[in-house]
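Undergrad: Given only the sequences and the hints, what does the whole structure look like? Please build it.
Residue-level listing of the chains:
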Amino acid sequence: MPEVTLKIFRGDREGGQTADYQVPVSPGMVVLDALHYVQKHLAPDLAVRWNCKAGRCGSCSAEVNGRPRLTCKTRMDSLPGDRPVTILPMKSFPVIKDLVTDVSWNYKVNKKIPGFKPRPKTEWKMRQEDVDRVQEFRKCIECFLCQNVCHVLRDHGKHEQFGGPRFFVRVAALEMHPLDGISRAALLKNELGLGFCNITKCCTEVCPEEIHITDNAIIPMKERVVDEFYDPVLKLVRRIRGEKSARE
Amino acid sequence: MNGKYETHEHDVLVIGAGGAGLRAAIEALAQGASVGVVSKSLLGKAHTVMAEGGIAAAMANVDAADDWRTHFRDTMRGGKLLNHWRMAQIHAHEAGDRVRELEQWGALFDRTEDGRILQRAFGGHSFKRLCHVGDRTGLEMIRTLQDRGVQMGIDVYMECTVTRLLTDGDRVAGAFAYWRENGRFVVFKAKSIVLATGGIGKAYPVTSNSWEYTGDGMALAYATGAELMDMEFVQFHPTGMVWPPGVQGLLVTEAVRGEGGLLRNKLGERFMQRYDPQRMELSTRDVVARAIYTEVREGRGSEHGGAFLDISHKPAEYVKRKLPSMYHQFLELADVDITRSAMEVGPTCHYMMGGLRVDPETAACTVPGLFAAGEVAAGLHGANRLGGNSLSDLLVFGRRAGFAAAEYAKKQSWPALDPAEIAQGEGEMLCVFERQAGDTPYAVHADLQQLMQNLVGIFRTEEDLKSALTGIERLKDRMGRVGVPGTRMFNPGWHLYADMKSMLAIAEAVTRSALARKESRGAHSRLDYPKTDATWGEQNNIIRRHGSEMVLEQSPVPKMPAELQTLLAEEKGAGA
Amino acid sequence: MASTSPTVHAAVPTGSWWTQIAPVVLGLGAFSVYATWRAFEGAYFWASPYLSPFYSPLLDVHHHYWPYSPALLILGGPLGFRATCYYYRKAYYRAFFLDPPACAVAERKRNYCGETRFPFILQNVHRYFMYLAIVFLVFLWHDALHAFVFADRFGVGLGTLVLLVNVMLLTLYFSSCHSLRHLLGGKLDCFSCTNFGNARHSTWRGLSFLNEHHMLFAWTSLFSVGLADFYVRLVSSGAIRDLRLL
Ligand SMILES: Cc1cc2nc3c(=O)[nH]c(=O)nc-3n(C[C@H](O)[C@H](O)[C@H](O)COP(=O)(O)OP(=O)(O)OC[C@H]3O[C@@H](n4cnc5c(N)ncnc54)[C@H](O)[C@@H]3O)c2cc1C
Ligand code: SF4
Ligand code: SF4
Ligand code: FES
Ligand code: FES
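Chains as they are written, first to last, in our numbering: chain B, 1 to 248; chain U, 1 to 576; chain W, 1 to 246.
For the record, the hints were derived by calculation from the structure and aren't laboratory data. Here the structure is a predicted model, which is why all the values come from computation and not from measurement. Accuracy of the hints is not assured; some may be wrong.
[Said to hold, decoys possible] Label-pair distances were calculated between CB atoms; the ranges are: (1) W:A151 to B:V237: 46 to 52 Å; (2) U:D477 to B:S26: 29 to 35 Å; (3) W:L245 to U:D335: 47 to 53 Å.
[To be verified] DSS-like mimics (lysine-lysine), calculated; alpha carbons at most 27 Å apart, straight line: (4) B:K125 to B:K108; (5) B:K111 to W:K187; (6) U:K476 to B:K139; (7) B:K125 to U:K128.
[Unchecked claim] Cβ-to-Cβ under 8 Å is the rule here; a few derived chain B residues that face chain U: (8) A47; (9) R56; (10) N65; (11) K108; (12) N110; (13) R127; (14) Q128.
Think of the CB as a built atom: it goes at the ideal place given N, C-alpha and C, for glycine as much as any other residue.
TA: Pasting the structure below:
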């Protein structure tokens, strides 16, 4: 069997560096298989997160040759075989150990978002055409790869002011839910800092669920924020109609 | 007394953050209890997230003739009448309401033309009954529950593994656990505990289950004195991936067959004709799994030792819309485009029908203060589970367990923790660092898996099972000597060491029960006793701890009231 | 909050990110230079029956009120539309501001505020430029149709086709606009609960389909505008003669 060298980050909060491991490559092998091989035979204490090994749980995120990926969905044969494969933890979150990072920040952001609140007197019927859009967002497996790649977090460290693409997707799912009765536009603009996003689409490029994060979630949310805060004509119309928010 | 440890107190401690655990937590919270949820992995990553096909509930949105009675009948027949009738009845009664509740918490199921929840066909169900979202139903369910729980303010302790239940006299008093991140110990004090830790699949090498499925809940409760029931019934899902090696065992959802997928052998025959000509591909899982296994054994299997599952006769667009994850899974991992060619599939260890013996109304285990729901509990599914009945099980009995645990907690004073127990908990986890690293937990684990696959797999014999028992003893011995290099900081080798303890206990329970049941029924097939035996049909196998001995005895299956018996007898056959 | 291994991440070869942005820099750069020159030139924009799209609508040709090139009076409209377009924003933030230069490629640290502060907070006016763009499109369609009329007689020249293709691409670019998609349907939460919901749903579906190709239309229409102007200039300055087809 052909062998490949993995350069895996070994270290913790104090720091660390990559270490080399030789791994035999079998047909159809994915990067996570290779990491498991290292655990079994070379470094039993190599820390890796994973659960489903099928791209469904979003646990196994890491950076393979500089690209944020799910390691369970990255085939070894899709990587150049003549060079070592570098596997690093996600950069935007603090390392716990090796490839495991502290993603608890994401759970904190999520807590800021008011959940689904049905409109009063809801009749529980929905048409497929009304839920299609939202179902795209509900595919999110919370791998946090989009959070990791987003330069607002990755390079500018705006974790305090910015919610990140994952949570724009989540808010979009709530906002576009056909039976939801509240508006989260102010939350988007203020607490989640939607304005920091400059729609440069890296989140969309890495999303393993192929959610069109920027086009279908972020930009429509930006437009809703405009409706609410930056469009004088709509504001006037609302004033005349005596409405409080732009919901129809 | 335990100032040495980080300690948390809750009225109700829920161990497990899958569908059952979260539903229990939500209910307990609604009852006014303070609730803590502990899970081995991050919130939202529990096994439930992987469920694909759907939630079974007789809502009659698609087939108007469906109602709880038919659902009850299907469940009982599917379980070869070994189910607890009352659980099956409650389940069939309440599943619809639980699904509607999910919708009211924000879940978005696929819709019918007139805007109701769409339902699809599944093996063993007489009507179109599975509420679904494409093939990612579990994700929708866990996300909905997770968000609901977070909104209500549950405390979640993520990446924290419980290694021991603590007791006060004969009642439970809390749990001893370690943080995966830094290996520090933590003590939970609780008036009642809900176990929702899921199944045991990691005891087998070819499985659809993740590393979490090491039977912890069953082993923890067993050690505390709770009874295990029907442990011989391990479900092998007929369709797991068989190629390439890295993905062996990965689930191919039954929804493929529900949507019209056909099974063929290498000769191109639809071999289900031979095993269940009436229901064909949509027969129950035990039947289909044995059928594929037999085809392969008799030389009619595919290149890599499986059968062909083909959905390519359906329009490509339809397949991609209804089975998007399957489409991607095969394309990306196996280079197979399922809209054009057939998948190669074979049996994979999937679900544990057996587990903790519980009271049908309250989900209470046989230890005071301890409750169990979801895959960790036994009774609802009998000898074989129908697809889709697990997700509904989680909701129905998760809620009941949470409710009962909160009620129980209200009536109880705070238990006292026993420092000796805690010290033991600590000692058994730390001793491994003092040993000379020779054998690793990984090696013992791999050997256990091989043993279970070879000797306690789909087809069983007395001889195999007996040698499995000796083998397990030997592995326990080896476990007593393994060492773990590294520190307590996120150390998977150490984590596996903790899990192995559960797996070995569970493996023994499965083997002992399988050895005792001298008949074939549902998922339990004995080559030396190939027939179903009516007397065994009236016995549940019960396992409990006696000192350090595992004892097994039979207990009669609870008698069903007359009206349910007539209900069951109605309509001809189909209960193959 | 950042990982403790910045140097480790920086050491990974990130590939040649500049090959991704080079075409954008070249394309937008070349267009800007050409367009600026042409806008100031103030001549060769009319070659009967063709009007250069840079000069449409043609205002104050005879310099009664405005001494400079008439293009300068109107170019703010299309320029603002494109400058605030969600696609172009992505393109120039990456290519010109290196914010980020490419995905997962480190950018320099400085006080980044995205679109939360002046000037970029002004991007939020995009929809008003979109309304304005409707006016321009009406004129451009008028010009394109007018290009079929040669001295009161119907005819088709190469210029006619150039203008027609251009206005069609511009219309596609416009129709795939995110703001338009939002205002005509996207802002609704429940199509089936709204008056004319079905119609708005189909409109939204159609616009969403076009929207997926917004980048393509952004570039093709940019080139077609430049080419259309260039063609008119060539004919108008006498460098070539229009090819009469019909
Ligand atoms: C691939 C796949 C597809 C499936 N599809 C379907 C389907 O379509 N329909 C259906 O009805 N069923 C399906 N099932 C079955 C169903 O998903 C599971 O049976 C069900 O999700 C189990 O839920 P649970 O709540 O009992 O446990 P889980 O969701 O597995 O949760 C267990 C929890 O317990 C925690 N835990 C375990 N041990 C410990 C410990 N020692 N300390 C702390 N925490 C612990 C884990 O971290 C986890 O949070 C499928 C299963 C699989 C694997
Ligand atoms: S589009 Fe916005 S959210 Fe997505 S990566 Fe770019 S800046 Fe971040
Ligand atoms: S939106 Fe996509 S990339 Fe982001 S967390 Fe969800 S699945 Fe991952
Ligand atoms: S392990 Fe679940 S997504 Fe990779
Ligand atoms: S988004 Fe590009 S034109 Fe409106």
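Undergrad: Just pull the numbers of the violated hints for me, sorted ascending.
TA: 4, 6, 10, 11
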